[in-house]
Amino acid sequence: MFNFKSYVKAGSVQEAIQFLEQNPEAHLIAGGTDVLVKLHKGKGQFSHLVDIHDIAALNVITQNDEGDLVIGPLSCFTSVAESALIRKYIPILAEAILTIGGPQVRNMATIGGNLCNGVPSADSATPLMALNAVVTIEGSRGLRQMPLEDFFLGPSRVALEHHEIMTAITVTHDNYTGYYGHFYKYAMRNAMDIATIGCSAVCKVEGDILADLRLAYGVAAPVPIRCKNTEDRVRGRRIVSALLDDICEAVINDVRPRTSWRAARDFRLQIIATLAHRVVKQAIINAGGTIQ
Amino acid sequence: MNRTITFTVNGKKKEITIDVRQSLLEVLREKLGMISVKQGCAVGECGACTVLIDGLPIDACIYLAVWADGRSIRTVEGESRNGKLSKVQQAFVDEGAVQCGICTPGFVMAATAFVEKHRNQKVSREEIRRGLAGNLCRCTGYGAIVTSVQKCLDDDLD
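These protein sequence lines map, in sequence, to chains A and B. Whatever position you read off the first sequence (first residue = 1), add 698 for the working numbering. Whatever position you read off the second sequence (first residue = 1), add 818 for the working numbering.
Among these hints, one or two may not hold up.
[Claimed, not checked] Taking lysine to any residue pairs in the SDA-like style, the calculated list, with each CA pair at most 25 Å apart, reads:
(1) A:LYS741 with B:GLY858
(2) A:LYS739 with B:LYS849
(3) A:LYS703 with B:GLU848
(4) B:LYS856 with A:GLY740
(5) B:LYS831 with A:GLY709
(6) A:LYS741 with B:MET819
(7) A:LYS902 with A:MET844
(8) A:LYS741 with A:GLU723
[As the list claims (entries may be wrong)] Pair ranges (Cβ atoms, derived):
(9) B:LEU975 with A:HIS975: 39 to 49 Å
(10) A:ARG956 with B:ARG947: 31 to 41 Å
(11) A:ALA909 with B:GLU944: 34 to 44 Å
(12) B:CYS957 with A:ASN888: 12 to 22 Å
(13) B:ASP972 with A:GLN743: 45 to 55 Å
(14) A:SER958 with B:CYS859: 16 to 26 Å
(15) A:LYS703 with B:CYS859: 50 to 60 Å
Just so you know, the hints here were simulated from the structure itself, not pulled from any lab data. All residues carry an ideal CB built from backbone N, CA and C; glycine is no exception.
Chain A with its partners taken away, still in its complex shape (with noise of 0.2 Å):
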């Protein structure tokens, strides 16, 4: 039996952020794989849960007449994976989903746990930052909404309020139109393992012109992180090997790994900087480009 002390179930929003409201030391649960988890290890933090696991509203994935994509943060990472209109135009977010846990935990984790537990491994993260994926927040004192890349605090540190829940996640239609990406998970096995390096890459290309790069990072830094510095280095440069090498190069400057049980630093600086080359390559040949 798991320890927790009190348990509300919220059948709306509203209601959970009325919930969350009347008790200061409440914690969501959604698809629970996170919570429970630590809540089996003894973790006190999740003594009083407020369940969002059922509210239908969040666990839908469309399209508006913008053509934005808009995902329900309640959605399991198997029905975003297998989503039509995520695998026929955002078909990276699909590609990074599935190489999270098994099938039974993708069947009940859901992306907006993902996000919200604000871990810099979290691999649903760098996708959609290098599309540069909006969230909207809801809490007593109203709507709102910011760049997913601000949503990320710090290690397990998101930009919620305690009265706040995330409610969309959204990918407008001029960040994916004419975009194509790669993803690439490094890890020790290929399933059921956290990422020692997560690479995602989006890009535009215009005949032999490198029109736009994306390029974010999972565990290369307390926080998934967007390579800034990197993309305006290389944008609108034509495309030959050398600037894949200048990309590997740049690149270094724009992490901050650490050393960890899992993997040295130093481990990570040159898994980052030979992601850099393949994953861009990869986004690259996927919309149509060539390398000189």
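Starting from the known structure of chain A, fit chain B onto it as the hints suggest.
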């Protein structure tokens, strides 16, 4: 912290009172006697507790029993019909895909979901391995397990 839930287990409707702190694994084993559902790691890594909820495999150890309210659950206890093993169960027997046996019920349910999802499709051994990646066999009897699943799918293709 009691609550009454209604769900279907292996085709039979059940109404039972549970504690909201209980996992589905605990309710299935302790209240309903479904001891095919094994507790291995208890943290969603080994798949020994795999059951199907509305056709999808999940780890019952990290699934609150209260979430099963209104849903349909399948365990190994319900897979045979009139004493005849299901196709997946029979394939496990035929291939000798059982060693110590503790992972077997979980594997059978994960494999059943995989076979039902990929019926009439040509599936590689690699894809089967990915489909069963949430189940661990510490006797490492994976080869025969993958072959069992392959046989079930190939039989359907003929």
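Going through the hints against the structure:
no.: 1; hint: A:LYS741 with B:GLY858; result: holds, 20 Å
no.: 2; hint: A:LYS739 with B:LYS849; result: holds, 24 Å
no.: 3; hint: A:LYS703 with B:GLU848; result: holds, 22 Å
no.: 4; hint: B:LYS856 with A:GLY740; result: holds, 21 Å
no.: 5; hint: B:LYS831 with A:GLY709; result: holds, 24 Å
no.: 6; hint: A:LYS741 with B:MET819; result: holds, 20 Å
no.: 7; hint: A:LYS902 with A:MET844; result: holds, 24 Å
no.: 8; hint: A:LYS741 with A:GLU723; result: holds, 13 Å
no.: 9; hint: B:LEU975 with A:HIS975: 39 to 49 Å; result: holds, 41 Å
no.: 10; hint: A:ARG956 with B:ARG947: 31 to 41 Å; result: holds, 33 Å
no.: 11; hint: A:ALA909 with B:GLU944: 34 to 44 Å; result: holds, 36 Å
no.: 12; hint: B:CYS957 with A:ASN888: 12 to 22 Å; result: holds, 20 Å
no.: 13; hint: B:ASP972 with A:GLN743: 45 to 55 Å; result: holds, 50 Å
no.: 14; hint: A:SER958 with B:CYS859: 16 to 26 Å; result: holds, 22 Å
no.: 15; hint: A:LYS703 with B:CYS859: 50 to 60 Å; result: violated, 25 Å
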